[in-house]
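Protein chains in written order, with full-length UniProt numbering: chain P, 1 to 453; chain C, 1 to 453.
Possibly wrong hints are sitting among the right ones.
The list cannot tell twin chains apart, which means a pair is met if one copy fits it or any two copies do.
[As the list claims (entries may be wrong)] Here are the simulated SDA-like pairs of lysine to any residue, each with C-alpha atoms no more than 20 angstroms apart in a straight line: (1) Lys407 x Glu280; (2) Lys281 x Pro318; (3) Lys91 x Tyr152; (4) Lys321 x Leu33; (5) Lys407 x Arg285.
Keep in mind that the hints were calculated from the coordinates and are not lab data.
There are 2 protein chains.
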Amino acid sequence: MPGRTKYLLDETDMPTQWYNIAPDLPEPPPPPLHPGTGEPAGPDDLAPLFPQELIAQEVSDQSYVDIPGAVLDVYRLWRPSPLFRARRLEKALGTPARIYYKYEGVSPVGSHKPNTAVPQAYYNAAEGITRLTTETGAGQWGSALAFACATYGLDCEVWQVRASYDQKPYRKLMMETYGATLHPSPSELTGAGRAVLAEHPDSTGSLGIAISEAVEMAAADQGARYALGSVLNHVLMHQTVIGEEALRQFELAEDTPDVLIGCTGGGSNFGGLAFPFLREKLAGRSGVDIRAVEPAACPTLTRGTYAYDFGDTAGLTPLLKMHTLGHEFIPDPIHAGGLRYHGMAPLLSHIYELGLIGAQAIGQRECFAAGVQFARTEGVIPAPEPTHALAASIQEALRCKETGESKAILTALCGHAHLDLPAYGAYLSGAMTDNELSESDLEQSLAGLPAGG
Amino acid sequence: MPGRTKYLLDETDMPTQWYNIAPDLPEPPPPPLHPGTGEPAGPDDLAPLFPQELIAQEVSDQSYVDIPGAVLDVYRLWRPSPLFRARRLEKALGTPARIYYKYEGVSPVGSHKPNTAVPQAYYNAAEGITRLTTETGAGQWGSALAFACATYGLDCEVWQVRASYDQKPYRKLMMETYGATLHPSPSELTGAGRAVLAEHPDSTGSLGIAISEAVEMAAADQGARYALGSVLNHVLMHQTVIGEEALRQFELAEDTPDVLIGCTGGGSNFGGLAFPFLREKLAGRSGVDIRAVEPAACPTLTRGTYAYDFGDTAGLTPLLKMHTLGHEFIPDPIHAGGLRYHGMAPLLSHIYELGLIGAQAIGQRECFAAGVQFARTEGVIPAPEPTHALAASIQEALRCKETGESKAILTALCGHAHLDLPAYGAYLSGAMTDNELSESDLEQSLAGLPAGG
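Turn these sequences into a full structure, and let the hints guide you.
Have a look at this one:
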């Protein structure tokens with residue numbers, strides 16, 4: 001079916017397994033460490049936070065994990081998601097490149113996050129858990145978990161980064177419509193939150209702080225567990241349905257991608273699209289060039305250090321070997337582009353260290369300019385996060401225009417911006433700055449790395 | 001393919017013609033009248049406001065009109081839209097009924113409105129027009145026209161009802177992202193707006209007033225035309241792609257609807273889904289029971305009168321024979337459910353008078369309760385408008401549960417609520433009232449009908 005605007009799969013063609021890339025890598029990723037002993041963290045260390053099945057998936061040496069039928073039943077509400085050929089954008093750019101985007105905004109909450117929220121809620125419910133706690137920054141993850149908890153009858157409690165809580169009232173309303181309970185973070189409800197507020201009463205919060213709060217609350221309640229929306233191996237694995245579908249859709253298009261470009265915050269959307277294509281590349285069946293794009297305001301891959309660091313600010317999690325800006329990193333509260341986590345998924349950091357993917361950072365004004373151009377040609381207003389990948393895709397398409405190369409570019413349009421429109425307002429009014437992370441702020445943030453990291 | 005959660009069509013199976021129901025009706029609908037002469041309004045009366053092709057479609061006696069290729073190219077960005085079987089909602093209700101919903105929220109702006117915004121912008125651009133003016137209430141239509149104008153390079157100027165302009169800042173940002181210019185209505189920019197403000201400086205506005213402003217501005221500029229998002233024949237005709245697709249999708253499902261339930265404001269979403277099914281019924285190929293659902297706060301079909309009335313408040317339009325609450329009707333500004341226009345599409349009003357469809361009004365708390373139940377089972381948070389149809393569909397499904405009937409219910413889920421979440425917040429907090437239109441307000445509003453109406 002070459003020549004189409006979009007490539008659809010029937011729900012019977014939906015992947016029935018997630019792909020775990022770890023066993024296929026030339027070297028295994030470094031394990032998480034217990035912060036007290038310095039020894040690899042075992043399943044017992046994680047049991048207060050995650051259900052057994054997710055702990056098993058986190059350390060699995062199997063290349064494929066079956067997706068439960070009850071999860072497929074919910075996936076079917078929006079999956080398989082469409083693969084689009086951006087013909088109208090190509091025409092506007094005057095490029096010989098072929099630009100494809102895999103669109104995850106068709107999910108009920110408008111992003112890729114339910115791909116992992118749904119199985120996480122399912123496994124917790126199956127193991128008798130009645131309540132999940134989590135953090136959310138921009139709000140995409142909290143919305144997804146609220147939706148997933150509604151589908152399996154779980155209570156859902158979300159700590160939303162203060163800056164986002166105040167700036168994004170619609171996010172709170174969406175989560176509450178699904179039945180979730182919201183708290184701004186830092187909050188007075190946890191020791192971690194109270195400690196931050198004691199020192200910084202006006203703290204605008206960070207994902208690291210919100211994670212500390214959600215983890216603390218889950219650990220204190222036998223019937224509760226914690227859910228994380230990115231970073232961990234099992235989260236990235238759940239997202240591989242994106243890439244597995246895209247592979248089949250490229251067969252329908254009778255094409256193959258030369259370049260794959262995704263945005264990276266914690267790394268789950270990027271890993272979800274890229275890992276199945278990387279499998280093909282490692283097996284010699286593809287020569288695709290894979291690139292991660294991150295904000296200049298939070299440049300973990302391009303300017304962070306590769307070291308053992310905590311996943312949260314209070315130091316409650318195991319130590320993870322990852323690209324990090326330091327767990328005390330506080331993003332600029334006016335940064336509108338999302339992707340603000342201080343670390344990068346350990347699995348993705350390892351793959352980057354192996355030289356299997358490239359990375360670049362882009363300032364947010366160029367990203368929003370790409371978002372506006374995309375909206376006015378392709379219709380969908382992209383969420384701030386994937387505008388980073390769109391900006392890099394447009395750079396590549398314009399390079400092709402100069403060289404005359406007709407590359408196929410695949411990008412991950414992981415969500416729409418319906419609840420992020422004030423960021424577009426800031427861009428259109430000229431109020432937006434690029435707020436690149438300064439050398440001094442980076443040095444200060446990295447100084448907080450744990451000893452021996 | 002019975003047993004699926006959703007029924008998809010490939011873009012090559014997209015309808016290539018719109019369906020015009022007028023020639024198939026047992027009696028022709030009464031014509032619009034020139035308010036000065038009382039004679040039927042002719043093409044010349046409409047030429048300052050609409051391009052020739054749309055005027056021709058408005059009075060067409062052809063059953064089918066070809067969709068231009070350039071329109072199909074844009075439709076392909078989201079069409080064909082999916083037909084869903086609401087299996088999770090059915091289970092929650094414990095009903096033997098089969099509930100299907102045709103989902104138009106997959107369009108870039110999240111509603112059915114682009115189905116007509118795109119061809120309207122196309123025909124204007126093709127006839128050399130450079131600027132379109134329009135009104136918007138809840139904001140769905142203004143967003144759709146802003147998107148459509150961006151795709152064909154037209155300027156777009158939108159008068160947004162004041163109450164909505166103030167309560168829905170995200171709508172303004174969406175339209176501006178597509179490049180449109182926004183004004184709250186009533187405005188000081190037009191004679192119609194100034195006249196209202198002189199008498200009511202704090203006016204919260206109405207669709208009727210905003211239409212007057214947009215019409216006035218278009219008529220004053222040779223290079224500009226006006227675009228209407230509902231009510232007129234050509235608008236309803238453009239929406240019939242919804243029903244034509246649904247007919248094909250029911251073939252895939254190997255099922256047929258026993259009941260079709262849609263919400264009605266101006267009537268375009270309802271007509272779009274219902275008219276192709278009504279064609280089948282008139283031809284004896286279907287026994288489907290077709291029902292319109294409207295808000296108790298704006299009950300044009302169930303409590304309005306069938307008379308000639310103006311389409312706008314200032315009396316600038318031809319007189320239309322329709323169910324109306326009177327063109328001076330001002331909806332309660334706290335009404336959150338949309339569907340606030342004072343009249344009903346003349347074509348739909350005529351069909352109702354012929355006894356071919358039924359109608360009922362529902363209070364908005366029942367509607368939002370249905371919306372929340374739908375969100376927590378099917379995932380999508382429905383726009384306020386289609387919650388009216390969902391509430392009636394749930395009523396029908398629960399009747400089936402009592403009687404044991406296994407009816408197939410088809411409803412029109414014409415959009416999602418991402419930009420209407422404050423309405424859900426009002427419902428969840430208990431602040432929402434049913435604000436049924438009072439007898440005295442109805443009498444006062446009907447007293448403004450033109451003489452001889």
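Hints not upheld, ascending by number = Hint 2 contradicted; others consistent.
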